[in-house]
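Visitor: Listed below, chain by chain, are the residues.
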Amino acid sequence: DVTVSGDGRMGIVYAEDGYANALTGKTKDWSYNSRIRIKFAASGETDGGLAFGGSVRADHYDDDQGTKGTAGDVFISGGFGKLSMGDVDGGAEKAIGDLAEIGYTCLACLNETTYLFGGNDPSALYEYAYEGLILALGVSDDEEYSVGVGYDGGMWSVGLGYENVPEGSTISLIDNDETGLTADVLSDEDLEQVFVGGSVTFSDITLKGVYGVVDADDWEIEQYGISAEGTWGATTVAAYWRALDTSDIMFDGDGDGFADEEFGKIEIYGIGAEYDLGGGASVAGGIASVDDNTIGDIGLKFSF
Amino acid sequence: DVTVSGDGRMGIVYAEDGYANALTGKTKDWSYNSRIRIKFAASGETDGGLAFGGSVRADHYDDDQGTKGTAGDVFISGGFGKLSMGDVDGGAEKAIGDLAEIGYTCLACLNETTYLFGGNDPSALYEYAYEGLILALGVSDDEEYSVGVGYDGGMWSVGLGYENVPEGSTISLIDNDETGLTADVLSDEDLEQVFVGGSVTFSDITLKGVYGVVDADDWEIEQYGISAEGTWGATTVAAYWRALDTSDIMFDGDGDGFADEEFGKIEIYGIGAEYDLGGGASVAGGIASVDDNTIGDIGLKFSF
Amino acid sequence: DVTVSGDGRMGIVYAEDGYANALTGKTKDWSYNSRIRIKFAASGETDGGLAFGGSVRADHYDDDQGTKGTAGDVFISGGFGKLSMGDVDGGAEKAIGDLAEIGYTCLACLNETTYLFGGNDPSALYEYAYEGLILALGVSDDEEYSVGVGYDGGMWSVGLGYENVPEGSTISLIDNDETGLTADVLSDEDLEQVFVGGSVTFSDITLKGVYGVVDADDWEIEQYGISAEGTWGATTVAAYWRALDTSDIMFDGDGDGFADEEFGKIEIYGIGAEYDLGGGASVAGGIASVDDNTIGDIGLKFSF
Numbered sequence: 174d175v176t177v178s179g180d181g182r183m184g185i186v187y188a189e190d191g192y193a194n195a196l197t198g199k200t201k202d203w204s205y206n207s208r209i210r211i212k213f214a215a216s217g218e219t220d221g222g223l224a225f226g227g228s229v230r231a232d233h234y235d236d237d238q239g240t241k242g243t244a245g246d247v248f249i250s251g252g253f254g255k256l257s258m259g260d261v262d263g264g265a266e267k268a269i270g271d272l273a274e275i276g277y278t279c280l281a282c283l284n285e286t287t288y289l290f291g292g293n294d295p296s297a298l299y300e301y302a303y304e305g306l307i308l309a310l311g312v313s314d315d316e317e318y319s320v321g322v323g324y325d326g327g328m329w330s331v332g333l334g335y336e337n338v339p340e341g342s343t344i345s346l347i348d349n350d351e352t353g354l355t356a357d358v359l360s361d362e363d364l365e366q367v368f369v370g371g372s373v374t375f376s377d378i379t380l381k382g383v384y385g386v387v388d389a390d391d392w393e394i395e396q397y398g399i400s401a402e403g404t405w406g407a408t409t410v411a412a413y414w415r416a417l418d419t420s421d422i423m424f425d426g427d428g429d430g431f432a433d434e435e436f437g438k439i440e441i442y443g444i445g446a447e448y449d450l451g452g453g454a455s456v457a458g459g460i461a462s463v464d465d466n467t468i469g470d471i472g473l474k475f476s477f
Numbered sequence: 174d175v176t177v178s179g180d181g182r183m184g185i186v187y188a189e190d191g192y193a194n195a196l197t198g199k200t201k202d203w204s205y206n207s208r209i210r211i212k213f214a215a216s217g218e219t220d221g222g223l224a225f226g227g228s229v230r231a232d233h234y235d236d237d238q239g240t241k242g243t244a245g246d247v248f249i250s251g252g253f254g255k256l257s258m259g260d261v262d263g264g265a266e267k268a269i270g271d272l273a274e275i276g277y278t279c280l281a282c283l284n285e286t287t288y289l290f291g292g293n294d295p296s297a298l299y300e301y302a303y304e305g306l307i308l309a310l311g312v313s314d315d316e317e318y319s320v321g322v323g324y325d326g327g328m329w330s331v332g333l334g335y336e337n338v339p340e341g342s343t344i345s346l347i348d349n350d351e352t353g354l355t356a357d358v359l360s361d362e363d364l365e366q367v368f369v370g371g372s373v374t375f376s377d378i379t380l381k382g383v384y385g386v387v388d389a390d391d392w393e394i395e396q397y398g399i400s401a402e403g404t405w406g407a408t409t410v411a412a413y414w415r416a417l418d419t420s421d422i423m424f425d426g427d428g429d430g431f432a433d434e435e436f437g438k439i440e441i442y443g444i445g446a447e448y449d450l451g452g453g454a455s456v457a458g459g460i461a462s463v464d465d466n467t468i469g470d471i472g473l474k475f476s477f
Numbered sequence: 174d175v176t177v178s179g180d181g182r183m184g185i186v187y188a189e190d191g192y193a194n195a196l197t198g199k200t201k202d203w204s205y206n207s208r209i210r211i212k213f214a215a216s217g218e219t220d221g222g223l224a225f226g227g228s229v230r231a232d233h234y235d236d237d238q239g240t241k242g243t244a245g246d247v248f249i250s251g252g253f254g255k256l257s258m259g260d261v262d263g264g265a266e267k268a269i270g271d272l273a274e275i276g277y278t279c280l281a282c283l284n285e286t287t288y289l290f291g292g293n294d295p296s297a298l299y300e301y302a303y304e305g306l307i308l309a310l311g312v313s314d315d316e317e318y319s320v321g322v323g324y325d326g327g328m329w330s331v332g333l334g335y336e337n338v339p340e341g342s343t344i345s346l347i348d349n350d351e352t353g354l355t356a357d358v359l360s361d362e363d364l365e366q367v368f369v370g371g372s373v374t375f376s377d378i379t380l381k382g383v384y385g386v387v388d389a390d391d392w393e394i395e396q397y398g399i400s401a402e403g404t405w406g407a408t409t410v411a412a413y414w415r416a417l418d419t420s421d422i423m424f425d426g427d428g429d430g431f432a433d434e435e436f437g438k439i440e441i442y443g444i445g446a447e448y449d450l451g452g453g454a455s456v457a458g459g460i461a462s463v464d465d466n467t468i469g470d471i472g473l474k475f476s477f
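Residue numbers (the numbering used here), protein chains in the order written: chain A, 174 to 477; chain B, 174 to 477; chain C, 174 to 477.
Take these hints with a grain of salt, some might be off.
Note that identical chains are pooled: a pair holds if it fits in a single copy or bridges any two copies.
No more than 25 angstroms apart at the CA atoms, straight line, and that leaves these computed lysine to any residue pairs for SDA-like [claimed, not checked]:
{"id": "1", "residue 1": "Lys-201", "residue 2": "Cys-279"}
{"id": "2", "residue 1": "Lys-212", "residue 2": "Gly-428"}
{"id": "3", "residue 1": "Lys-255", "residue 2": "Leu-223"}
{"id": "4", "residue 1": "Lys-201", "residue 2": "Ala-224"}
{"id": "5", "residue 1": "Lys-212", "residue 2": "Gly-452"}
{"id": "6", "residue 1": "Lys-199", "residue 2": "Glu-304"}
{"id": "7", "residue 1": "Lys-199", "residue 2": "Val-312"}
{"id": "8", "residue 1": "Lys-255", "residue 2": "Tyr-448"}
{"id": "9", "residue 1": "Lys-241", "residue 2": "Ile-378"}
{"id": "10", "residue 1": "Lys-212", "residue 2": "Glu-395"}
{"id": "11", "residue 1": "Lys-241", "residue 2": "Ile-460"}
{"id": "12", "residue 1": "Lys-199", "residue 2": "Thr-219"}
{"id": "13", "residue 1": "Lys-255", "residue 2": "Asp-449"}
{"id": "14", "residue 1": "Lys-241", "residue 2": "Tyr-299"}
{"id": "15", "residue 1": "Lys-212", "residue 2": "Gly-403"}
{"id": "16", "residue 1": "Lys-201", "residue 2": "Lys-212"}
{"id": "17", "residue 1": "Lys-255", "residue 2": "Thr-374"}
{"id": "18", "residue 1": "Lys-241", "residue 2": "Val-177"}
{"id": "19", "residue 1": "Lys-255", "residue 2": "Gly-326"}
Just so you know, these hints were derived from the structure itself, not from any lab. The structure presented is a predicted model; accordingly, all values stated were derived computationally and were not measured.
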């Protein structure tokens, strides 16, 4: 069976000189923003009781990614755990995840921490859950692997992950159109990352912290951050602060072909609020600082 | 919830030397023509009784337009009216619309009148309806706006619209592949258009007339036309005549980079008939004259 | 009405040096492979009892093929037979078809025999079935036509087809990425093909044979093959052998612009097995030899 659902949003977004006027080319600070997406969830069950299925969106076919296995996923699961293939997360990401999301658009989703795994889909992910414990292992054709272990104790959780990707991998630390901040690392050696995270919930508030180190022979990049999210009735408020310490390396920030710029410690933080209107609709907004540039948004979010 | 529907058609189309043979490159006058499209209609309701939703087609993701907000739309509506965002019409188009459509394919949809608004989606459209009265205002990031007011008196209707678009806008008066007629105006100044329309229905026949003037400092383009549409049992017959008076300006019709051609008054007229087979199927055909070139079509139309 | 279904698969594929590492560019013999596809089936009925409908997939819009009529199809059917338009087969293909499919991915679908028709969609296909007899005629804008007649006697079937395509047609005999084998013929004259096929079923085993000759003034290409497929309980085993005798012509196999290579008789054969897990899932695998190169695959297939 295939179930059809979707999401939509309509609102406005802000970034200083972040948007170009389509007709005159003049930059502007505010822009209208809307989208609608259609989602397909497929499911079935074998005679032996194994569940199988998959998920994909209509927009995952603009370059036929769903057919190539570079977007969407398929899975089979049973007593042995769950095996997925396609555009799947690595084990570290499954065990630790991201900081709390804020805003109407997710504000460029800069709450998402950097994982090395995932440069060559279709990848494969194996997950095993037993009571609060989860084990997850992601592997790809390019000899990438990412393993994670997590424990969810109800009011608290912890996760630990390790990733290893081969020479030639491009690690996208930040790629933010609105502020023009791009920080990519093309590695000429194998890279690994050790990543830990944990959360604790009390008085309707969840605090989450993450810490990771991307390690090469001559340099390392540290990333760390915390987020807080609380829900009171229909209102959810969330904030995060995170940093990427890139002091060891230089970037080609201006695209002239020379890695001659220091970004040092990149700091990102933001706060947002969402009010649930019921029936799948909410109004949400947020504001964030990205390496001292401000971005913001406000609008309606729909789930169909 | 998301509802899936669709449409399809199969038939033949005619234009003198209008179609190229894929293998040999020879031009031909007739071509097979078919298509199938899948439509998604999304809907929901907030706890407070506001309706929200959206619409998009599967083909609106070939360049991910639905996600970019340049195709499809989302909306929220209630006692305050209806606010839509995405690939929405301007207010003038909402209040006045187009002349009657003819043919199996709509014959290049040349029944559609020229509106200035809509060069920079996602745009926003606000509509308010009270008994027969409608008010509509469209705005876009590029400082385009389009306002319309209309009244539907049952057997008659009237509409008035005003549009204003900034310097740099390209106004597509006609862009017709089959006859090779392209008339675009790239404006180096702000343009405005005043547009009026009205219709009257008697003896199963609806007559509609439209008149608009696109106004610049040194020139203007007049457009005007009428259509008639009548339904008798399963049979609908429709015809239109319209003209674009471009005498004030020159065009780069042959694409040599110089605006050295006069198109003068471009006349388009056509007639078509459709027979309803029931269940969502009909057989339809039409013939039109586009600046003295003849195009035609005939085939089956399906609604699923 | 529009019904949504889909299919998916997850597994691994093999070809010597057949896959490039996305990051390092190194070739490899094995690759992960997965996909998910979403299918739409549209249907309706006129008041007079004619059935109409169409079919298309979400991935048929990555270049808007469904709207252009180059993928998917629409049809109307009744006592007169069935008329389809879009990406339809020719009459010969309808009457004869392909050898048995093997493997998890169909192993590049090299079981499919070469038909000349279909270079210029939307094409039109007319089919008429009376008891076991079928007549089929495909025509396209490019003066291609393909006619077939078949008879299904229950335990046996026969089919006969004739195709004719104009000068300028490219006939793709083989285009196999995994093994790098490409054999295209761009014809500077009209081509025709006479094609016969037949099958017989006994003891749960179906044997099928096909024979066709592509004929030009100065050369001809013979293709012929047989397949066997048997099902015992949940297990299906299939195998095929086929050959393309291209001794009369030279190819530009290395893409240097000169047709200076002989491919002679290209032989392809393979064997595969599939085990039905029930509920729409199966595990399948196969191995094939393509002009002395080995390809293989194994994985899970899902139908949603």
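Visitor: It remains to establish, for every hint, whether it holds in the given structure.
Guide: The hints, checked one at a time:
1. Lys-201 to Cys-279: This pair counts as within: shortest intra-copy Cα distance 20 angstroms, inter-copy 39 angstroms.
2. Lys-212 to Gly-428: Neither: 36 angstroms inside a chain and 42 angstroms across chains, both beyond 25 angstroms.
3. Lys-255 to Leu-223: within (10 angstroms within a copy, 40 angstroms between copies)
4. Lys-201 to Ala-224: Neither way: Lys-201 and Ala-224 sit 50 angstroms apart in one copy and 32 angstroms across, limit 25 angstroms.
5. Lys-212 to Gly-452: Both: 18 angstroms inside a chain and 22 angstroms across chains, each within 25 angstroms.
6. Lys-199 to Glu-304: Close neither inside one copy (56 angstroms) nor across copies (42 angstroms); limit 25 angstroms.
7. Lys-199 to Val-312: Classified as between; 17 angstroms across copies, 45 angstroms inside a copy.
8. Lys-255 to Tyr-448: For Lys-255 and Tyr-448, only the inter-copy Cα distance (20 angstroms) is at most 25 angstroms; the intra-copy one is 35 angstroms.
9. Lys-241 to Ile-378: For Lys-241 and Ile-378, neither the intra-copy (41 angstroms) nor the inter-copy (34 angstroms) Cα distance is at most 25 angstroms.
10. Lys-212 to Glu-395: For Lys-212 and Glu-395, the Cα distance exceeds 25 angstroms both inside one copy (36 angstroms) and across copies (45 angstroms).
11. Lys-241 to Ile-460: The answer is between: 21 angstroms across copies meets 25 angstroms, while 36 angstroms in one copy does not.
12. Lys-199 to Thr-219: Intra 58 angstroms, inter 38 angstroms, cutoff 25 angstroms: neither.
13. Lys-255 to Asp-449: between (33 angstroms within a copy, 20 angstroms between copies)
14. Lys-241 to Tyr-299: within (20 angstroms within a copy, 33 angstroms between copies)
15. Lys-212 to Gly-403: Intra 28 angstroms, inter 38 angstroms, cutoff 25 angstroms: neither.
16. Lys-201 to Lys-212: neither (32 angstroms within a copy, 34 angstroms between copies)
17. Lys-255 to Thr-374: neither (28 angstroms within a copy, 40 angstroms between copies)
18. Lys-241 to Val-177: Both. Shortest intra-copy (21 angstroms) and inter-copy (20 angstroms) distances satisfy the 25 angstroms Cα cut-off.
19. Lys-255 to Gly-326: within (21 angstroms within a copy, 46 angstroms between copies)
Hint violations for this structure: numbers 2, 4, 6, 9, 10, 12, 15, 16, 17, all remaining hints satisfied.
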